[in-house]
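Engineer: Letter by letter, the chains look like this.
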Amino acid sequence: MTTTPLPAPPTGVPLHPGSATVEFRSLRRAFGTTTALDGLDLTVHPGELLALLGPSGCGKTTALRILAGFESHDSGEVLVDGEDVTKIPAHKRDAGMVFQSYSLFPHLTAAENVAFGLKMRGSSKADRRKRAMELLELVGLPQRAEHYPHQMSGGQQQRIALARALALQPRVLLLDEPLSALDAKVRLNLREEIRRLQQDLGITTLFVTHDQEEALSMADRVAVLRAGRLEQCATPSELYARPTTAFVAEFVGTMSRIPATRSGDGVEVLGRRHAVDGVVPADGELEVLVRPENVGLTAAAAGSAVVVGASFLGAVTRLTVRLPEGTEVKVDLATEQAALLPVGGNAELTLPDRPVLVDRRTNSGQ
Amino acid sequence: MAQLISRLRLWRGFVLLLAGIYFAVPLGASVLFSVDNPMTKTWSLRAYTQLLGAPGFTDSLRLSLELAVVTVAILLLLLVPAMVATRLGAPKLRPVLELICSIPLVVPVVALTTGIIGVLRWGPDYLSNTPLFQTILAIQNPTFPVVLVIAYVLMALPFAYRSIDAGLGAVDVKTLVEAARSCGASFPRAVFSVVVPNLRTALLNASALTVALVLGEYTTASILGFTPFTVWIAANGKNDGQMSVAVSILSLMIVWIVLLLISAAGRERGRKSAAS
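Residue numbers (the numbering used here), protein chains in the order written: chain U, 3 to 368; chain C, -3 to 272.
Just chain C, with the same shape it has in the complex:
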């Protein structure tokens, strides 16, 4: 038995090493390429400094982060009550909800975007004499394109659904809600005070996946003509090989930092609630 465990450990280490090499070598090579100055045979951060100083960097990054925050908020506000309600009141509807949330997986992003373009084109003609006309215009405001949030919510639905569903599966939602209600909590308060805190990890995972999706999404934003961070870095990395690699590295770093911050926030909150 001990021999088997030792072999398994060895095998695990080997697999981890292979995976590490698979991810680290291209990244390391990219970093080296982006800081290499072949003329002077020295290292230089020129590509990064040019990138950070380029016009539109801060605006596009801020737009992407804002889109991510709003997308996460809307997604969770939509999904959590719907999923808790189906678990408690209509368990037979769970497969229906799962199917609806999985549809974006089989709809190509280009097809979704084409559909959105169709609606945006059709809207002004048919809604010109209604209050919805202003709405159609407002959701395309380049300062904060709500239409992108709508698209991102749809795209993130399958990932967020699975994450929250796994979280709900790990706790006995029905009994917890009933226990809270027998202690004098109204239904919404029972869900907010008892169910949501026990879904913290699942909600963080759903948020992290959504943030990663929003910060990395290019197709829809580009076709619809908006400039979040991904579109900006693609446009600014075209003319210079080193800068385009620097853009990729920077983009990865930003996504990683945001995900680490989300994860750290969750852990910190967990520690605080454990200590209180």
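Just chain U, same shape as in the assembly:
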């Protein structure tokens, strides 16, 4: 993580907030018969941006809301710098939050919104104004100070919300899918903006998202949650390259499943023996999981695979290849290389000489 020192603000109060360590310990929360968190254990290091990633209902927002103080927990602990905060009311938790829906106060201007927390804290009007302008400068919107939320775009509103969340110099910044309501281009710009600010300020940040691309591109580490439990927490590159479970492998990026058979301590796939990354399930039929960019494909008139589809993705084209027994495999090739493999043509499929992730065969057979 890189940290660039910020210029000293005119108020004399540094923009740098304190960075805290956040720990979830055996955190449980159930809503009726639905278990949202089933013993979550996770540590967020000071100054780190950690993305909580997972499908709907995996408990990521519940964990964030428990940390913010908006949701109660059934058991476990939430520690901020070693102190259990679960008994502290939300307004005293020292955590700034940006919400999924536009949460600016409609009756206040951008500057008043940013200064709201300072007003609650009893700062003088002049100090509030100065501080609000500093933060608006920080998010690149000083010219919008006197605008009301309805006079601003969604992206601008979220930037103001970010400035408002930072105004009180919180120890932890909580981002609850702040980009999901924005259109693609704005989302891309804003995620770079958020990352830059987070790195500049060095603030411990929890970022909830269901968008894997967002999580991988922004976070120092990504925690993948499933059914209220932590599946894997790792850096984006490790998570992508070395997923520890089939769920993580398939949730982060694209995976194809190819039938395999046991062969000693490895597996046999497409007539070749491969070492296994992890453990081989003791029973049941097996499949290996491979990423589209790790599969080799060459045009071959006698090849057993048939190209059945092609999606142009720019520099890369994603081909769908059908194996003789009906399995479909995704293959990413450079576009000029993919041009040599027309839909309907035969080809030869190869797997890389590296350990593969193995899982029990799913019903879909894909």
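Hints were generated in silico from the structure; no laboratory data involved. A couple of the hints might just be wrong.
[Stated by the list, open to error] Derived pair list, reagent style BS3-like, types lysine-lysine, alpha-carbon separation capped at 25 Å:
id: 1; chain 1: C; residue 1: 234; chain 2: C; residue 2: 37
id: 2; chain 1: U; residue 1: 94; chain 2: U; residue 2: 127
id: 3; chain 1: U; residue 1: 132; chain 2: U; residue 2: 121
id: 4; chain 1: U; residue 1: 121; chain 2: U; residue 2: 94
id: 5; chain 1: C; residue 1: 170; chain 2: U; residue 2: 89
id: 6; chain 1: C; residue 1: 170; chain 2: C; residue 2: 88
id: 7; chain 1: C; residue 1: 170; chain 2: U; residue 2: 94
id: 8; chain 1: C; residue 1: 170; chain 2: U; residue 2: 121
id: 9; chain 1: U; residue 1: 132; chain 2: U; residue 2: 94
Computed from a prediction, not measured in an experiment: that's the story for all the values here.
Following the hints, put chain C in place on chain U, whose structure we already have.
Structural biologist: Relative to chain U, chain C alone:
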């Protein structure tokens, strides 16, 4: 498309004209009748001057305005926290609250008043040896009959509820309160600083409807024997045809002026907050 819009505009103008005639003709005729002097074939404000100079005019009007202010205050203090709390903490209770607030719509005013009379009669007998005895007497004080406020709060509940409910539906109360709390505001302060200002229009509408109801209510006040403005004008307009029409016109004008003042106050405040 342009032709359709032009036809719609024409139709809208026609409907507005019809509605205008429907309201303006009887009002205009009433005003003319109240100022016409058939003996001298001239206009005269005699009916109005007699009315304004009649004993009890100021007292009854002041009582009605006081009743309206207190009713609005109690109604909003009861409803706003209850409705915000149900939205935030117990959304499943919303239909229950709506049902409770709608009950006065199906209870005739006479039945409600009869019930109040029953309680007021029963109270002194059974509460004579308790501190509540004095309370029963105090709420019937003719200078400011609190019992009327209680009745008016009940009567205005359905209108105020719907108005505030529409206002709450237009803002994301939960997120606003949570955002305020994450900025360091306690729960009551979050509601007061963030939710209430965004309900301004709804609160003004609820207030206007309540004021209109209180200033126009006759049955309960009359049966219970109090003299707010409506009861006073009914009593003073009985003996003179012109004066009774003048009373109606004056009553309408006063209600309109009060409602316009409430509306103007809301707009002025909105402008001030926009400018600050």
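Engineer: Residue 170 (chain C) and residue 89 (chain U): Cα distance at most 25 Å?
Structural biologist: 21 Å, holds
Engineer: Residue 132 (chain U) and residue 121 (chain U) were given as a pair; does the straight-line alpha-carbon distance stay at or below 25 Å?
Structural biologist: Holds, at about 12 Å.
Engineer: Against the 25 Å threshold, does the CA-CA distance of residue 132 (chain U) and residue 94 (chain U) hold or violate the hint?
Structural biologist: 24 Å, holds
Engineer: Do the alpha carbons of residue 170 (chain C) and residue 94 (chain U) lie within 25 Å of each other, as the hint requires?
Structural biologist: Holds - the C-alpha atoms of residue 94 (chain U) and residue 170 (chain C) are around 18 Å apart, at most 25 Å.
Engineer: Do the alpha carbons of residue 234 (chain C) and residue 37 (chain C) lie within 25 Å of each other, as the hint requires?
Structural biologist: Satisfied, since the Cα-Cα distance of roughly 24 Å is no more than 25 Å.
Engineer: Taking only the CA atoms, is the gap from residue 170 (chain C) to residue 121 (chain U) under or equal to 25 Å?
Structural biologist: 21 Å, holds
Engineer: Verify the proposed pairing of residue 170 (chain C) with residue 88 (chain C), using a straight-line Cα cut of 25 Å.
Structural biologist: 15 Å, holds
Engineer: Taking only the CA atoms, is the gap from residue 94 (chain U) to residue 127 (chain U) under or equal to 25 Å?
Structural biologist: 22 Å, holds
Engineer: Starting from residue 121 (chain U), check that the Cα of residue 94 (chain U) is at most 25 Å away, please.
Structural biologist: 15 Å, holds
Going down the numbered hints, you'll see the structure goes against none, and every one checks out.
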